[in-house]
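*Asks:* The hints should help you fit chains B, C and D onto chain A, whose structure is shown.
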Amino acid sequence: MIKTLVSLDAFAPDAELARFAAARGENSGAAVSFVGYCRGTSAHGPVTQLELEHYPGFTEAEIERITLDVAGKHNVADVLVIHRAGAIEAGAPIVLVAALSSHRAAAFAAVEEIMDYLKTDAPFWKREVGPAGARWIEPTSEDQCRREEHNG
Amino acid sequence: MIKTLVSLDAFAPDAELARFAAARGENSGAAVSFVGYCRGTSAHGPVTQLELEHYPGFTEAEIERITLDVAGKHNVADVLVIHRAGAIEAGAPIVLVAALSSHRAAAFAAVEEIMDYLKTDAPFWKREVGPAGARWIEPTSEDQCRREEHNG
Amino acid sequence: MTRLLFFGRLRDVAGCSERLVDLPSNIGTVAELRAWIGEGDPNLGAALETRGVHVAVDQVICNRATEAVRGAGEIAFMPPLSGG
Amino acid sequence: MTRLLFFGRLRDVAGCSERLVDLPSNIGTVAELRAWIGEGDPNLGAALETRGVHVAVDQVICNRATEAVRGAGEIAFMPPLSGG
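Taken in order, these protein sequences are the chains called A, B, C and D. Residues in the first sequence are numbered from 1 upward in steps of one, following my numbering. Residues in the second sequence are numbered from 153 upward in steps of one, following my numbering. Residues in the third sequence are numbered from 305 upward in steps of one, following my numbering. Residues in the fourth sequence are numbered from 389 upward in steps of one, following my numbering.
Please keep in mind that the hints were generated in silico from the structure rather than gathered at the bench. On a predicted model such as this, the values are computed, not experimentally measured, just so you know. Any given hint could be a false lead.
[Said to hold, decoys possible] Okay, derived cross-link-like pairs now, DSBU-like style, lysine-lysine, Cα gap no bigger than 30 Å in a straight line:
1) B:Lys-225 to B:Lys-271
2) B:Lys-271 to A:Lys-73
3) A:Lys-126 to A:Lys-3
4) B:Lys-225 to A:Lys-119
5) A:Lys-119 to A:Lys-73
6) B:Lys-155 to B:Lys-225
Bound-form chain A, shown alone (with noise of 0.2 Å):
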């Protein structure tokens, strides 16, 4: 099954996991997961909180549409999705990504695609808040670069 889903409020990665691999299959051997939590520095000093925008109805669709290609590409049944979006406080969870499989590799492959994706091309619009104030993260032209190579 695959299920993707982005979350105004905060979730627990433990429980969602925990429910995602009991509905495991006899012969899905192989379950990788990532989780990615909110750092409490960046390249631009403390951060206090994180601010996620998103476009409703757009980015679900977009991360769907990414999910289902990765999961088709390394034939794997099962992956799992949940991505915060609004303020998220440090230390907090902002994604979790997982994949149940037959095969460890294709897991592996399928979470870490996702994850390239969500990191760097899911419609998702982000400030840093810090003591010092908001700020806007924007790619750098090193990201914009690699993005423009790919679609090229």
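*Replies:* Just chains B, C and D now, with coordinates in the frame of chain A:
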């Protein structure tokens, strides 16, 4: 913290993972985990139980040595490895490997490398038990060649 | 009526995340829409011209300035995606 | 006294996972030990000669047949590792 354990008793990957992630430092933004479950079928037919024999003392020392190596190589501070030994029912967890890191690429690489080691080169002797009886599983000659290349 | 949506720093420049407008009948393309917005709000107009700003018409990305906006229910202006 | 340990299918061949033995004083190397075991149990002796069987002396892998076993407390015979 590097923690490695060979357990003769069943373990709960969710609870272990939750405990491991709860102790993360504020800059450990990335948590990668792998859980391997005993599959209900193998190349040789249905499997009701897997028996994993280990060499007490030696197996633990080898797993710890490799884990420290891999963690050092990727500069990953926190790694958890739990590996079952003894009789394992189909569907039960066999292995949990988790890593916390500030960068997801390092965490993925560490977990994948430790798993590659555990799946092929760790000191376990594996016996599959099914309706047709029990059989020792030894590496294929392909595995054998690959291993000798590594060591060569 | 058409909803114009502004994300990320474009929202700050627009001063709102959403405007409900009646598109004049002579506004047919993305380029014409940007120019029309710029007439009423030059800062926002300039921000919308910035490299990397994408436009989605009814949730479909339109990468050419000549793409049609007539009849659209929702047009979104998106700065470079930052990822999650 | 020296503990001889047999793992995996070698345990089945030996009929036990462990034997406590008094090594004769003329048994100095891995090769001599294997031959001595084979005198008492030819099946087991042949199994220990199989390609891929490793020997660990006091938990240290000894890959050469000429390595010393004299004075060892624990000598393990390990078939090819199957991994977890």
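*Asks:* Honestly, which of those hints from before does the structure not fit?
*Replies:* none
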